[in-house]
Amino acid sequence: NAGVTQTPKFRILKIGQSMTLQCTQDMNHNYMYWYRQDPGMGLKLIYYSVGAGITDKGEVPNGYNVSRSTTEDFPLRLELAAPSQTSVYFCASSLGTSSYEQYFGPGTRLTVT
Amino acid sequence: AQSVSQHNHHVILSEAASLELGCNYSYGGTVNLFWYVQYPGQHLQLLLKYFSGDPLVKGIKGFEAEFIKSKFSFNLRKPSVQWSDTAEYFCAVFAGNNRKLIWGLGTSLAVNP
Numbered sequence: 361n362a363g364v365t366q367t368p369k370f371r372i373l374k375i376g377q378s379m380t381l382q383c384t385q386d387m388n389h390n391y392m393y394w395y396r397q398d399p400g401m402g403l404k405l406i407y408y409s410v411g412a413g414i415t416d417k418g419e420v421p422n423g424y425n426v427s428r429s430t431t432e433d434f435p436l437r438l439e440l441a442a443p444s445q446t447s448v449y450f451c452a453s454s455l456g457t458s459s460y461e462q463y464f465g466p467g468t469r470l471t472v473t
Numbered sequence: 002a003q004s005v006s007q008h009n010h011h012v013i014l015s016e017a018a019s020l021e022l023g024c025n026y027s028y029g030g031t032v033n034l035f036w037y038v039q040y041p042g043q044h045l046q047l048l049l050k051y052f053s054g055d056p057l058v059k060g061i062k063g064f065e066a067e068f069i070k071s072k073f074s075f076n077l078r079k080p081s082v083q084w085s086d087t088a089e090y091f092c093a094v095f096a097g098n099n100r101k102l103i104w105g106l107g108t109s110l111a112v113n114p
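Protein chains in written order, with the working numbering: chain A, 361 to 473; chain B, 2 to 114.
Here chain A stands alone, though its shape is the one from the complex (with noise of 0.2 Å):
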């Protein structure tokens, strides 16, 4: 298994420029999760899904969309980038339900200038 992998790994943005940052999972869970992680903060959550054509805002939803058409992918999109969103961005999924125990992906490191 792959766990869940995200890309890209680094991007730089303009201001006002929009992008899609890509989580999949292959390990069947219902749960996904998207956070942003800045320098002391902790994570913040962003949106999150509790299974394929559901989803729901969480402490940070402002400025990004999410969907969920599959089990296996939760896309980020941001629509006109701040630079209020410079971040480190991660995806983690869980299974839902009986464990809520949740596995990250590796990271995206946006910057917006």
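Be careful, since some hints might not be right.
BS3-like cross-link-like pairs, simulated, lysine-lysine; straight-line CA separation at most 27 Å [what the hints assert, rightly or not]:
| id | chain 1 | residue 1 | chain 2 | residue 2 |
| --- | --- | --- | --- | --- |
| 1 | A | Lys-404 | A | Lys-417 |
| 2 | B | Lys-50 | A | Lys-404 |
| 3 | B | Lys-72 | B | Lys-50 |
| 4 | B | Lys-101 | A | Lys-417 |
| 5 | A | Lys-417 | B | Lys-50 |
Just a few of them, taken from the derived set where beta-carbon distance is under 7 Å, the chain B residues facing chain A [said to hold, decoys possible]:
| id | residue |
| --- | --- |
| 6 | Asn-33 |
| 7 | Leu-45 |
| 8 | Lys-50 |
| 9 | Phe-95 |
| 10 | Arg-100 |
| 11 | Lys-101 |
| 12 | Trp-104 |
| 13 | Leu-106 |
| 14 | Gly-107 |
A short list of chain B residues far from chain A (calculated; beta carbon distances all over 10 Å) [to be verified]:
| id | residue |
| --- | --- |
| 15 | Asn-9 |
| 16 | Ala-17 |
| 17 | Glu-21 |
| 18 | Tyr-26 |
| 19 | Pro-41 |
| 20 | Lys-59 |
| 21 | Ala-111 |
| 22 | Asn-113 |
I should point out that these hints are in silico values taken from the structure, not numbers from a laboratory. The structure displayed is predicted, hence computed values, not measured ones. Ideal placement from N, C-alpha and C gives every residue a C-beta, glycine not left out.
Assemble chain B onto chain A, guided by the hints.
Showing chain B alone in chain A's frame:
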């Protein structure tokens, strides 16, 4: 609202010193508890978890944690740290029907050789 508090933001130890990182949560019902570790430049990995049973939980790399229900605490311990334990440590709690983990802000541990 449910919350997780990690008391120590930065800890500096010498090799072979003992480690204890504090974690307290606010929720009166049944909880699942986790400690994750993030080595420099890497993603989060599970150190150990508590679901039920023996409140003293042993994890990987010699770490253990004790769940004390009366104190709403889940402190992480290691008798003798190594330089390779330099990392950021996160406590997380799954409580109620949130369907997501509540995260502490993390503790940065630096171990001097």
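Exercise. Which earlier hints can't be squared with this structure?
Worked result: none
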